[in-house]
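Q: Chains A, B and C, in that order, give the protein sequences.
Note that the numbering used here has the first sequence beginning at 1, numbered continuously upward.
Note that the numbering used here has the second sequence beginning at 1, numbered continuously upward.
Note that the numbering used here has the third sequence beginning at 1, numbered continuously upward.
A couple of the hints might just be wrong.
[Claimed, not checked] Label-pair restraints from in silico Cβ distances: (1) B/H66 <-> A/P104: 57 to 65 Å; (2) B/L94 <-> A/P550: 53 to 61 Å; (3) B/D15 <-> A/E712: 53 to 61 Å.
What the hints contain is simulated information worked out from the structure, not anything from laboratory work.
Positions of the beta carbon are idealized from the N, C-alpha and C atoms, including for glycine.
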Amino acid sequence: MNKKISTSIKRVDAGIKTGGAARYIGDIPFDGLLYGKIVRSSRARAIIKSVSVPALPEGYYYIDAKDIPSGGRNRIEMIKDDWPVFADEHVRFIGETIGLLVGPDRKELNRLRDEVKVEYEDLTPVFSIEEAEALKGGPIHGEDNTYADYRLQKGDPDAAFAKAARVIEDTIRTGFQEHIYMEPQGVVAKTEDDGKLGILFSGQCPFYVRHAVSATMGLAEDQVRVQQVVTGGAFGGKEHYPDVISTPLAVAARKIGKPIGLFFDRVEDISFTPKRHPSVTRFKTALDEAGNIIGMDIDVRIDAGAYESCSMVVLQRAIFSVNSVYNIPNVKIRGRAFATNNVPSDAYRGFGAPQGLFAMESHMSHLARAINVDELKLKQQYLLKQGDVTVTNGRIHEEVKLPEIIQRIDDMSGYSKKLKEHTPGSWKGIGISLFNHGSGFTGNGEQEIIKGVVKMRKRADGLVDLLVSNVEMGQGLQTTFRKIAAMVLELPVDSVIYNDPNTDLVPDSGPTCASRSIAVVGYLVQEAAKKLKDRWKESDIVEVRQQYEPPEGLIPWDQENLQGDAYPSYGWGANVIEVEVDPLTYEVTTKGIWAVHDVGVAIDEKVVEGQVDGGIIQALGYGSLEKLEVKEGRFQQKTMADYTIPTTMDFPKIKSALVDNPYEYGPFGAKGAGELVFDGAAAAFADAVQMAINGDVKQIPVTPEYIMEVREDGNN
Amino acid sequence: MVDSYRPLSLKEAFDLRAEKGAMPFAGGTDLMVRYRYESGAIPDYPRPIMFLGHLDDLRKIRRIEHGLSIGAAVTMTELLDHDEVPEILKESLLTIAAPGLRNTATIAGNICNASPAGDSICALYALDAGVKLQSPGGERIEPLYQFITGPGKTDLHADEILTEIIIPEDRSTIHLFKKVGTRRANALSKLTLSAVARISDGRIDEIRIAVGAVAPTVVRSLELEKKMEGRSLKDVALEAEDILRDYDALVQPIDDQRSTAVYRKRVAMNLVRHFLLGVVLQQKGA
Amino acid sequence: MATINFSINGTSHAIDTDPLRRLLDILREDLKLTGVKEGCGEGECGACSVLKDGVLVNSCMIPIGTCEGSEIITPEGLRETVQGKAIIDAYGESGAVQCGFCTPGMMMATEALLRKNPSPTEGEAREALSGNLCRCTGYDMIIDGVLKAAERGKGLW
Chain A
1 MNKKISTSIK RVDAGIKTGG AARYIGDIPF DGLLYGKIVR SSRARAIIKS
51 VSVPALPEGY YYIDAKDIPS GGRNRIEMIK DDWPVFADEH VRFIGETIGL
101 LVGPDRKELN RLRDEVKVEY EDLTPVFSIE EAEALKGGPI HGEDNTYADY
151 RLQKGDPDAA FAKAARVIED TIRTGFQEHI YMEPQGVVAK TEDDGKLGIL
201 FSGQCPFYVR HAVSATMGLA EDQVRVQQVV TGGAFGGKEH YPDVISTPLA
251 VAARKIGKPI GLFFDRVEDI SFTPKRHPSV TRFKTALDEA GNIIGMDIDV
301 RIDAGAYESC SMVVLQRAIF SVNSVYNIPN VKIRGRAFAT NNVPSDAYRG
351 FGAPQGLFAM ESHMSHLARA INVDELKLKQ QYLLKQGDVT VTNGRIHEEV
401 KLPEIIQRID DMSGYSKKLK EHTPGSWKGI GISLFNHGSG FTGNGEQEII
451 KGVVKMRKRA DGLVDLLVSN VEMGQGLQTT FRKIAAMVLE LPVDSVIYND
501 PNTDLVPDSG PTCASRSIAV VGYLVQEAAK KLKDRWKESD IVEVRQQYEP
551 PEGLIPWDQE NLQGDAYPSY GWGANVIEVE VDPLTYEVTT KGIWAVHDVG
601 VAIDEKVVEG QVDGGIIQAL GYGSLEKLEV KEGRFQQKTM ADYTIPTTMD
651 FPKIKSALVD NPYEYGPFGA KGAGELVFDG AAAAFADAVQ MAINGDVKQI
701 PVTPEYIMEV REDGNN
Chain B
1 MVDSYRPLSL KEAFDLRAEK GAMPFAGGTD LMVRYRYESG AIPDYPRPIM
51 FLGHLDDLRK IRRIEHGLSI GAAVTMTELL DHDEVPEILK ESLLTIAAPG
101 LRNTATIAGN ICNASPAGDS ICALYALDAG VKLQSPGGER IEPLYQFITG
151 PGKTDLHADE ILTEIIIPED RSTIHLFKKV GTRRANALSK LTLSAVARIS
201 DGRIDEIRIA VGAVAPTVVR SLELEKKMEG RSLKDVALEA EDILRDYDAL
251 VQPIDDQRST AVYRKRVAMN LVRHFLLGVV LQQKGA
Chain C
1 MATINFSING TSHAIDTDPL RRLLDILRED LKLTGVKEGC GEGECGACSV
51 LKDGVLVNSC MIPIGTCEGS EIITPEGLRE TVQGKAIIDA YGESGAVQCG
101 FCTPGMMMAT EALLRKNPSP TEGEAREALS GNLCRCTGYD MIIDGVLKAA
151 ERGKGLW
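Bound-form chain A, shown alone:
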């Protein structure tokens, strides 16, 4: 049966998308549609003294906080609610929403926007983690500029450091990353025929939008109807941000009474939407006489930007990932998310894990270089095994197939052999990374916050409605969810109807994020299908409901102290990358990319391979090309010409394989895959480069400019 579920079928949405018939939010016609244009702050940290709006032509409107209905709130209720819909007295980043202009002509809206005069009293802004920690200009948030400050401890690190023969320090930095979903942000708000407030949007989480809009408007949740439409990529960038633009748009649509669309221009999208959190991770590692790692002291700091939104959860995943796949006996970890006056950082594929994993993988490679041992051998010495204790003092409950994964990738890539062939500094190098990724929400999020529900209904015509709130955003859910249900029900895949979710029609199965759609919701789909199959003959129409319950045998989660099982299961993987560096230009040519993953069981091999390919190339962009610098609160690369994602020509074909490791509480044994496949490539790339140039690579992106610097330092 497992074999059959993994066998690929043609994606259900391939034909309609390729031919251009699929309708994205900007493709849907609406009668009398008006456009919205955001009036944005030009200052990073200031008090708004006054806003003066020019005389508006007929049919044009200016909307701001005063237009929020009584009973509503000028706050965007996301995981936190610190981000205002419209800036009230203060602005905290360049681009923050002050007001919304609405009207029929976009060029006229642009002109009017440029004529809105805002008078500011400037305060001293903060643009880096260091400045935030130094409380430059006084705190932006709380007393110390941290949204969250966590400490974890495993074993007895103080004792380990007291007896250390040697302590090695290392600081690793990662940069901003922009999602570059190919379809920029877009939302339409309108009053529906039945009087409800309707939101149509491109994004990941219909119920997040419904919650945020109803809270802002002071409406009961069922008075807001949210329809997700075909979504042109998201990668976390459409997890919370649609809430940020749906809320002001809802205020405008209610007041004006006409449908209004807000569609971002690419430059606007790059300039003002959230990014992956930059990070600085400092390691102190205690070694004994024999060179064994006996303890680590790790300090993780991330730039969360102007509002907290979900940053504390990103920080949690970052610190839970900062020991990567290793069982270090004694560890002390501190993690802080700092408030700055940069654009708020938010969800991006991996959600903190890529930063933590890159830091640890790099640090392990630096340790190996420092004590002159084989890097892979050093890593193998500490691999997590079933039953081992995690940094949150939880356990690894599943069999860890890393030895098999490592063997497999070595066979495929010839890593060990090539390692001997390339001398460090010969401009050729090969690198390896190991990684894991917990499936589902961190900690007790699934049972305490999300409480996901799936419904399934046998219809009179014999077809089956699959009612879930998770969305197709490119990752293949339209295909894989149908396959799970159809396989259990022993029906053809096209007998299962799964439409883009509408909050009036589907239960809240939770958001589409955190590698939870297959691992968590897919399991509910499977269990619902089993129930429906049992009751199939009861009647013409049969509806079943399945709610999330945590797997048995977990160590309960203590959210106060971040202790227990942070995740019920993990995906695991290894990447190998081979490079050549041009000695004249320091440009890197990637010669080979290999990947082996354990995602439990693939629901569809081709879908998983597509995730592997896409995740790795996106991660190689993160690791090598995608420089995003912030200067005085403004991103310097704000076009697709200057913010460079990989093209067809940048990397060679990927060779990948899967290792089966069925998970008891996953559908057909499947675990999460979407983020895991992003987690390792940057570290493997950096590792390969550092071998080629014989110098420690300590930051990403590893640009030619940075390679030149490291190489010159190495030569001095």
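Fit chains B and C to the known structure of chain A by using the hints.
A: Okay, now just chains B and C, sitting in the frame of chain A:
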């Protein structure tokens, strides 16, 4: 909002240039980006536009005495598909944008946009190309290095239209084109080297070295080239370090969103050094 | 304002409009041909690719005034042809489609390539699609799709 025109002859175009101050628009790929407003809006052109891409007079590649004439509306793809276009120019064109854009873009537009990072411009400097500028009163031919006067600035007079690019016969025996871009394809330049040389009997008959995106205009030194021309490879080898030092003084890059001054300087000089020491001076007779 | 005469997907059109408007906007807004997407608006991403007089162009870089007498093919036109169907099938079988926003443009670039070179190598396919950005697939399966279309559709181009 500005007007636009579609003249049916060059003569009509000159009239529009004189009467309306219309801006010549061949492929338009640089102008569309430079004056781009926001999604859904017409670009914010400062002056009226006249489309010239369809004029047959400007769409020819012709052999002329001692060289090649390329009409201002010839697209980059058409140049790539043409047998007589010098290899170094083709190599530069292949690094520009991607097929879709090259089907529209022209090198005349690249020249008039006068970006120091214009890749075809750098190759055209190394080919010692010139531009033909026509006006109702007549025509003049200027070397490219005189026509381009600064970033985004040219010596195009108000009544003139750039109608042809003139490339002298390429007699080089060796050439090197290297674009260091922001990625491997569809990329903008961090810097570019275009260099050609004609070597015979252990002597440098001709040499031209052009470096793009490391100064306000493409760096090319007639003086340093003259210093090397007509001399034996052995003699030049003795002075190579001095020559490189002189090039080093000319390379004055800046930091921007694509790269850093220190990287541009180092890599530009690595490439010039490589061309001179690793390619030219390795030829037979050195 | 001017009248522009041109054909789209084989049908003649005469449109009164400002010649400086982008072909992309004419297609999407005036003619509701929304298979053409705007990903960047500056010729970088290829989501707005169409064929103009048989060659691939970025419709965001084309003022409609330069289309006088031109023949434009959009995804809506190509998908009805035997060649378009071959590409769509090959993409589906190769797993070339994820979010789909870049895919119609990829299909246009594939058609342009196969018209010029009916049996491309992997390298030639990569070069031909280098102006079409995708953020989901990492490109391998799109390239597989191009090669599969060439192989399956032998003789069509």
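Q: Can the suggested window of 57 to 65 Å be confirmed for the beta-carbon pair B/H66 and A/P104?
A: Since B/H66 and A/P104 have Cβ atoms about 59 Å apart, the given range 57 to 65 Å holds.
Q: Take the C-beta atom of B/D15 and the C-beta atom of A/E712, compute their distance, and say whether it sits inside 53 to 61 Å.
A: holds (59 Å)
Q: Between B/L94 and A/P550, does the beta-carbon spacing fit 53 to 61 Å?
A: Hint holds: Cβ distance 57 Å, inside 53 to 61 Å.
In this structure, none of the earlier numbered hints is contradicted; all agree with it.
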